[in-house]
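A.B. asks: Given next are the chains, with one letter for each unit.
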Amino acid sequence: MDQDIFVVIEHLRGQIADVSYVMLAGARQLTQDTGGKVMAVLLGHNAQGLANSLAADGVLYIDHPALAEFNSDAYQIALASMIKERSPRLVIFGHSSIGMDIASGLSAKLGIPVVNSCRTFTADGKFVSQICGGKIMAEGDLPTPTALITMVPGGYKSEQGQSTQSATMTAASTPALDGIRIRLKQYIEPDTSDLDIARETMLVSVGRGIQNKDNIELANELAEALGCAVSASRPVVDQGWMPTTRLVGKSGKRVKPKIYLALGISGAPEHVEGMSDSQVIIAVNTDPNAPIYNIARYGTTVDMFDLLPVLTDKIKQAR
Amino acid sequence: MKIAVPVKFVPDLVEELTIDPGGTALDTSWLRLIINEFDDHAVEQAILLKERVGGQVIVAMAEAEGADDFLFASAAKGADQLIRLTGDFSSSNNHALARALADLLKELKPDLILTGVQAHNDLDGSIGPLLAEYLGLPYVGYVAGLTAAADMVTVRKEYAGGLIAEMEVKLPAVLGIQAAEQPPRYVAYSKIRQVMSTAKIEERAVASLDLSGGITISRMFQPEVTERATMMGGSPEEVADKVIEIFKELGTL
Amino acid sequence: MEITLSPLSPSFSKTFITSLYELKDGERIRTCLQCGTCSGVCPFGYIMKFPPGKMIGALRAEIFDQVIKADSVWMCISCNACAAFCPSNIPITSALMTRAKEEMLLAGNIPSELQAAMENTQRYGNPLGESPRKRADWTAGIQPEVNILSKTRQPVEVLWFVGDYASFHSRMQPATKALAKILNALGVKFGILGTEEFSDGDSQRLAGERGLFEMVAHKNGQLFKKYKFNEIITTDPHAFNAIKNEYPALGIKYPVRHYTQFLFERLEQLKPLMKKEIKARVAYHDPCYLGRVNGVFDEPRALLTAIPGVELVELSHQRMNSLCCGGGGGGMWLDGFQWEKAHTRLSEWRVREALTVNADILAVACPYEPPRFEDAAKNVDAGGQLKVREIAELIAESMEG
Chain A
0 MDQDIFVVIE
10 HLRGQIADVS
20 YVMLAGARQL
30 TQDTGGKVMA
40 VLLGHNAQGL
50 ANSLAADGVL
60 YIDHPALAEF
70 NSDAYQIALA
80 SMIKERSPRL
90 VIFGHSSIGM
100 DIASGLSAKL
110 GIPVVNSCRT
120 FTADGKFVSQ
130 ICGGKIMAEG
140 DLPTPTALIT
150 MVPGGYKSEQ
160 GQSTQSATMT
170 AASTPALDGI
180 RIRLKQYIEP
190 DTSDLDIARE
200 TMLVSVGRGI
210 QNKDNIELAN
220 ELAEALGCAV
230 SASRPVVDQG
240 WMPTTRLVGK
250 SGKRVKPKIY
260 LALGISGAPE
270 HVEGMSDSQV
280 IIAVNTDPNA
290 PIYNIARYGT
300 TVDMFDLLPV
310 LTDKIKQAR
Chain B
0 MKIAVPVKFV
10 PDLVEELTID
20 PGGTALDTSW
30 LRLIINEFDD
40 HAVEQAILLK
50 ERVGGQVIVA
60 MAEAEGADDF
70 LFASAAKGAD
80 QLIRLTGDFS
90 SSNNHALARA
100 LADLLKELKP
110 DLILTGVQAH
120 NDLDGSIGPL
130 LAEYLGLPYV
140 GYVAGLTAAA
150 DMVTVRKEYA
160 GGLIAEMEVK
170 LPAVLGIQAA
180 EQPPRYVAYS
190 KIRQVMSTAK
200 IEERAVASLD
210 LSGGITISRM
220 FQPEVTERAT
230 MMGGSPEEVA
240 DKVIEIFKEL
250 GTL
Chain C
0 MEITLSPLSP
10 SFSKTFITSL
20 YELKDGERIR
30 TCLQCGTCSG
40 VCPFGYIMKF
50 PPGKMIGALR
60 AEIFDQVIKA
70 DSVWMCISCN
80 ACAAFCPSNI
90 PITSALMTRA
100 KEEMLLAGNI
110 PSELQAAMEN
120 TQRYGNPLGE
130 SPRKRADWTA
140 GIQPEVNILS
150 KTRQPVEVLW
160 FVGDYASFHS
170 RMQPATKALA
180 KILNALGVKF
190 GILGTEEFSD
200 GDSQRLAGER
210 GLFEMVAHKN
220 GQLFKKYKFN
230 EIITTDPHAF
240 NAIKNEYPAL
250 GIKYPVRHYT
260 QFLFERLEQL
270 KPLMKKEIKA
280 RVAYHDPCYL
290 GRVNGVFDEP
300 RALLTAIPGV
310 ELVELSHQRM
320 NSLCCGGGGG
330 GMWLDGFQWE
340 KAHTRLSEWR
350 VREALTVNAD
360 ILAVACPYEP
370 PRFEDAAKNV
380 DAGGQLKVRE
390 IAELIAESME
400 G
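Residue numbers (numbering that gives the first Met the number 0), protein chains in the order written: chain A, 0 to 318; chain B, 0 to 252; chain C, 0 to 400.
Any given hint could be a false lead.
[Claimed, not checked] Per the computed footprint, the stretches of chain A lying under chain B, defined by three or more beta-carbons under 8 Å from a beta-carbon of chain B, are:
| no. | region |
| --- | --- |
| 1 | 89-100 |
| 2 | 116-128 |
| 3 | 134-144 |
| 4 | 166-176 |
| 5 | 299-308 |
[Claimed, not checked] Under the rule of at most 20 Å between Cα atoms (straight-line distance), these lysine to any residue pairs were calculated in the SDA-like manner:
| no. | chain 1 | residue 1 | chain 2 | residue 2 |
| --- | --- | --- | --- | --- |
| 6 | B | K241 | A | I294 |
| 7 | A | K212 | C | V379 |
| 8 | A | K184 | B | L170 |
| 9 | A | K134 | B | S217 |
| 10 | C | K68 | B | Q181 |
| 11 | A | K134 | B | L32 |
| 12 | B | K247 | A | I314 |
| 13 | B | K190 | C | E213 |
| 14 | A | K313 | B | D240 |
| 15 | C | K377 | A | T285 |
| 16 | A | K315 | B | E237 |
| 17 | A | K184 | B | T146 |
| 18 | A | K257 | A | I294 |
| 19 | A | K255 | B | Q181 |
| 20 | A | K134 | B | P20 |
| 21 | A | K313 | B | E236 |
| 22 | A | K255 | B | L170 |
| 23 | B | K247 | A | T119 |
| 24 | A | K252 | C | E339 |
| 25 | C | K133 | B | L16 |
| 26 | B | K169 | A | L176 |
| 27 | A | K252 | C | H342 |
| 28 | C | K218 | B | D68 |
| 29 | B | K169 | A | E68 |
| 30 | A | K255 | B | T146 |
| 31 | C | K340 | A | Q238 |
| 32 | B | K241 | A | G153 |
| 33 | A | K257 | B | L170 |
| 34 | A | K134 | B | D26 |
| 35 | A | K156 | B | D240 |
| 36 | C | K377 | A | N211 |
| 37 | B | K241 | A | A224 |
| 38 | C | K133 | B | R31 |
| 39 | C | K133 | B | S28 |
FYI, nobody ran anything at the bench for these hints, they're computed from the structure. Where a beta carbon is used, it is the ideal one built from N, C-alpha and C, also for glycine.
Okay, chain A solo, but in the shape it has when bound:
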């Protein structure tokens, strides 16, 4: 292959999004197999400091006030000019609110094919995309000479996209960033008082096995350590231990987080209906015959009251 792989770094308000590291990890894997260099593409304004943690062979940086915040118009103009100028082998975007706003538009603008939802690359340099809610994988050769990719997490570990050694920064030429039709007015912090569990990417969910209201605190502590929300099955909500807004299932919300940690949930169809689309279900239930194990990817019959404090501690340490 022997051409550079560009990774468009995603960042918001001075924070690099985790998917950026996953993309770098994927790109590194691919260059190990097929050659070429990994170039992180950083667009921003006075954001050079963000490059420190990127595991890349080099960083291409465009500094411009119009790029201070994500803006699909400005990003597309800047990237189109860079791609035309440097003809990379591959440009990887996150399959996210940032990457998806720009990858397809660039495909249409530049006449370069785009591959969506790529999860991994094979050793011989093929893409493997995950479609139909994870039920189907599609594999193919990366289009030539240049291809755009949106990448979903799950295929690579973000640690492998991180580095403590700063890569060489190269200032890329800045095109005229005018004709911008989109303007950021303000950021609005998520309203945690009225949380929508249907939109959470991770849920710690409690069922009847939690036994009483006080025990919910154990789940809360774990969720806090993980930085995610707590949801519940019907009996827990009925008892008034959790608000209805947190109910998962037939009469509550349908959720599809990346991880659903089911604590003391048996897996009645009424509950399963609301969470079976979760990407990975981890079930903790002392009953080895609980139906939840028919849909969970991982399970353990360890008592949750023994597991939760240990798990919470270990997660705090891992953070």
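For this one, chain A is given, so just place chains B and C on it according to the hints.
C.D. replies: Just chains B and C, lined up with the frame of chain A:
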């Protein structure tokens, strides 16, 4: 305000999906199609907006089994104009579909185009941003809620973790809808039946599809499924370590 | 509550009441005594802003739009207790409540769970949102094989209309298999519609979706026409009710019985097959649409007492005065809504009644009930000792001996 909502059907995941004997595509003989859920939200958002500021809503889609039912249901909800693209879409991709829709929208000249932010079978890009580029319009996706003024919309764009960016977008524009301000409404079946006898679906023939920009699939397969959960044994400490490993693997820690 | 006597839209009240007159016995609404019996016997009457009696009052005062604006009609589980005890024989459930729900639905005022059930029925032909292709999956492993008419096209004595929950619900499937085994043991030549079967639509109709009901009824009617059989039996009292009382008006006329009636007719043949003793105090819960609405009280009881070892005990609400499980008439899809309003569940009341009479087993004959009562038993003190069994399950268990 003239609002156009291009939508598409996707395989219904309620049915088991199978791969066709060629091994590069889904077996369509067993496929049931359903509206892309984000497109369903786009229709709802368009109707909510129309109810608020007035105007008309146009719903357009490529022909497919069940397309007419969906279009009539949209009319029963409040859509004013229904358009079905006809042609051979069997080997279509998103680039081709977006080009065909762009041709239609150039004629219709809507002020605002709302479409689902993504679909679960998008392989060669998503419809919204492709369409925006073919029409030379701005695009913002992951939109959940908007207000409209004469020449501008203010949208709420969602980022991971629940952070919301309020953005102003000049009209005309294309928006990728993540969620309507309210879940798609219900229309009684009798209302749909009534609309079927009064509403008309306009047909627009698409002569030929331009597939360029698409990608080639050499193999399609189902990921390994484990029938039952992989059980994690050992002490609470050992189980905790394994759970953390899974979190890390999935990039959530 | 404030009642405005300057009606906002008297015409709505007028059109609504006129639409009631067009329904069977609808004119009887004029004879309402405002005695309040309906509101008193209604299990949720105490919590409704407009219980049935007050709804009729609002109609007379021409302020019925207030009833539609309030959402209390969604507390109605169509159990028909109001109508059964009305001294003026007003069809309160079938006319007033059902029409009011229809108006709510047309206005788009519908709880989300109910909306999902309706959309699923439109799309998949069943309210659970299951793939119709899996409708006959429960038949796997049953010997002799269950005759699926679309495959065999053989004429049969009995067309068994299995129904949605009996086909799909994981708690009900064992009961469905049990009935298949019983029919096989009795040598009944029966067949099922398999993947072609549609929801009977009765609960959707009672929840106000008349158009959807007619759609599925016509689809089932087409299927009935296609195959040769002498009569229909059903697992679900709602399917029984729909085919018996509602389908004929749509030109779909077939003899139909609930499976308990069918088995009762063969009781003498069944008795010697039931060898294993089930030593238990068994309380029988009368399903609303088997008992109160269609008068089938004795056959299920006769089947239960024929099981060796069974001691039948009566619940305090029984027969005509039975207490709804909360699942009928769309209640199955209003659990969350009703819990929000009432913070109580009818199924839990019922489980407590069964515990009061020291029952070991609560026997049921409606597919909504086993999951509902089992769930309720988990939430009631000492409920863990109560088993919930479909009558077919008990018979099949006794036949295993």
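A.B. asks: Now, for every hint given, state plainly whether the structure supports it.
C.D. replies: Hint by hint, here is what the structure shows:
1. 89-100: holds (count 5)
2. 116-128: Satisfied; 3 residues make the cut.
3. 134-144: Since three or more residues must qualify, the claim that chain B covers the region 134-144 of chain A holds, with 8 doing so at under 8 Å.
4. 166-176: With 0 residues closer than 8 Å to chain B, the region 166-176 of chain A misses the three-residue bar; violated.
5. 299-308: holds (count 6)
6. K241(B) / I294(A): The given pair, whose Cα atoms are some 19 Å apart, holds under the 20 Å limit.
7. K212(A) / V379(C): holds (17 Å)
8. K184(A) / L170(B): holds (16 Å)
9. K134(A) / S217(B): Answer holds: K134(A) to S217(B) is near 17 Å, not above 20 Å.
10. K68(C) / Q181(B): Answer holds: K68(C) to Q181(B) is near 19 Å, not above 20 Å.
11. K134(A) / L32(B): Holds, because 15 Å separates the two Cα atoms, which is no more than 20 Å.
12. K247(B) / I314(A): Distance ~10 Å between K247(B) and I314(A) Cα, so the pair holds.
13. K190(B) / E213(C): OK: K190(B) and E213(C) at ~13 Å, within 20 Å.
14. K313(A) / D240(B): holds (8 Å)
15. K377(C) / T285(A): Measuring from Cα to Cα gives roughly 17 Å; hence the hint holds.
16. K315(A) / E237(B): holds (16 Å)
17. K184(A) / T146(B): Holds, at roughly 13 Å.
18. K257(A) / I294(A): Answer holds: K257(A) to I294(A) is near 14 Å, not above 20 Å.
19. K255(A) / Q181(B): holds (19 Å)
20. K134(A) / P20(B): Within the cut-off at roughly 18 Å; holds.
21. K313(A) / E236(B): holds (9 Å)
22. K255(A) / L170(B): Given pair K255(A), L170(B) is violated - Cα atoms ~33 Å apart, limit 20 Å.
23. K247(B) / T119(A): Distance of about 16 Å is within 20 Å: holds.
24. K252(A) / E339(C): Distance ~15 Å between K252(A) and E339(C) Cα, so the pair holds.
25. K133(C) / L16(B): holds (14 Å)
26. K169(B) / L176(A): holds (16 Å)
27. K252(A) / H342(C): holds (19 Å)
28. K218(C) / D68(B): Given pair K218(C), D68(B) holds - Cα atoms ~17 Å apart, limit 20 Å.
29. K169(B) / E68(A): Satisfied, since the Cα-Cα distance of roughly 18 Å is no more than 20 Å.
30. K255(A) / T146(B): violated (28 Å)
31. K340(C) / Q238(A): Holds: K340(C) and Q238(A) sit about 14 Å apart, inside 20 Å.
32. K241(B) / G153(A): The given pair, whose Cα atoms are some 17 Å apart, holds under the 20 Å limit.
33. K257(A) / L170(B): The given pair, whose Cα atoms are some 35 Å apart, is violated under the 20 Å limit.
34. K134(A) / D26(B): Given that 20 Å is the threshold and the Cα spacing comes to 14 Å, the pair holds.
35. K156(A) / D240(B): holds (17 Å)
36. K377(C) / N211(A): Roughly 14 Å between the alpha carbons, so the hint for K377(C) and N211(A) holds.
37. K241(B) / A224(A): The hint holds at about 17 Å.
38. K133(C) / R31(B): holds (14 Å)
39. K133(C) / S28(B): With Cα atoms ~16 Å apart, K133(C) and S28(B) stay inside 20 Å; holds.
Violated hints for the displayed structure, listed by number in ascending order: 4, 22, 30 and 33.
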